[in-house]
Amino acid sequence: MNEPVAQSLGKGGWLSLALVCVAAFVIGGLLKQTGTSGTDVSDRLSVDRFLNDAVSPSYDPGEADVTMVVFTDYRCPACRAAHPEMTSAVARDGNVRIVYRDFPIFGPVSERAARVALAADAQGIYPQVHDAFMRESRTLTVPVMRELVQEAGGDWSQIERAIASDPAIDAALDRNRGDALRLGVAGTPTYLVGNYRIVGAMDEGEFTRAFERARRES
Numbered sequence: 001m002n003e004p005v006a007q008s009l010g011k012g013g014w015l016s017l018a019l020v021c022v023a024a025f026v027i028g029g030l031l032k033q034t035g036t037s038g039t040d041v042s043d044r045l046s047v048d049r050f051l052n053d054a055v056s057p058s059y060d061p062g063e064a065d066v067t068m069v070v071f072t073d074y075r076c077p078a079c080r081a082a083h084p085e086m087t088s089a090v091a092r093d094g095n096v097r098i099v100y101r102d103f104p105i106f107g108p109v110s111e112r113a114a115r116v117a118l119a120a121d122a123q124g125i126y127p128q129v130h131d132a133f134m135r136e137s138r139t140l141t142v143p144v145m146r147e148l149v150q151e152a153g154g155d156w157s158q159i160e161r162a163i164a165s166d167p168a169i170d171a172a173l174d175r176n177r178g179d180a181l182r183l184g185v186a187g188t189p190t191y192l193v194g195n196y197r198i199v200g201a202m203d204e205g206e207f208t209r210a211f212e213r214a215r216r217e218s
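Under full-length UniProt numbering, think of the first position of the sequence shown as 1, with each following residue one higher.
These are computed hints drawn from the structure, not numbers from a lab. We treat Cβ as the ideally placed atom computed from N, Cα and C, and that holds for glycine. Worth double-checking, as some hints may not be accurate.
[Unchecked claim] Beta-carbon label-pair distances, calculated as ranges:
1) P167 to E217: 36 to 46 Å
2) R182 to R215: 19 to 29 Å
3) R146 to D40: 38 to 48 Å
4) V55 to P108: 20 to 30 Å
5) V144 to S88: 22 to 32 Å
6) E160 to T139: 11 to 21 Å
Use the sequences and the hints to build the structure in full.
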């Protein structure tokens, strides 16, 4: 597999970004200054290109009137803590579409897991694999990921072939990294709900309030 640093920023650039992201995670996790309020980014970029993304893996209930874009890493403690809260809020609401943007910044294990999840999208099981990876307490080794993919109904041999030969996986990760920079993503998790970029873990109530604000301002 390609190493995370073998992308457009080069080793020095991605090392610097990783250090910034880790610092942002620590500060955000301890202080949680932004909360649900977030930052309105609609004055400096077109949020529609993120919200209307038809290429990235997604969950769509069919009648969604709110879209949330999520930048996460499977080894990120804050992402893992927020995931069940997000899942509960989305299930309770029933009208929220999720666009998943894998943003592996925590090293080779994160990179490998992101590649497996993206390969699973071709089998139509990305949301199930994403959920399983986020909830799994074991390190995401190849045997663990194979087990989780198979439990989700996936074909592991097909996953392996895709990782080895499908250029779309590299393209997706490159695209996610570029879009993260454009959106000002400084760490994971980062959410775009409507016009607002929200950094850090949220609880179910905070997700719900973010959805409600997006509806009011749409």
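Here is what the structure says about each hint:
Checking the proposed 36 to 46 Å range against P167 and E217 shows it holds: the Cβ atoms sit about 38 Å from each other. Checking the proposed 19 to 29 Å range against R182 and R215 shows it holds: the Cβ atoms sit about 25 Å from each other. Between R146 and D40, the C-beta spacing of about 43 Å keeps the proposed range 38 to 48 Å intact. The hinted window of 20 to 30 Å between V55 and P108 holds, with their beta carbons roughly 25 Å apart.
Checked against the hint of 22 to 32 Å, the C-beta distance between V144 and S88 comes to roughly 25 Å, which is consistent with it. E160 and T139 have their C-beta atoms about 19 Å apart, which keeps the hinted 11 to 21 Å range intact.
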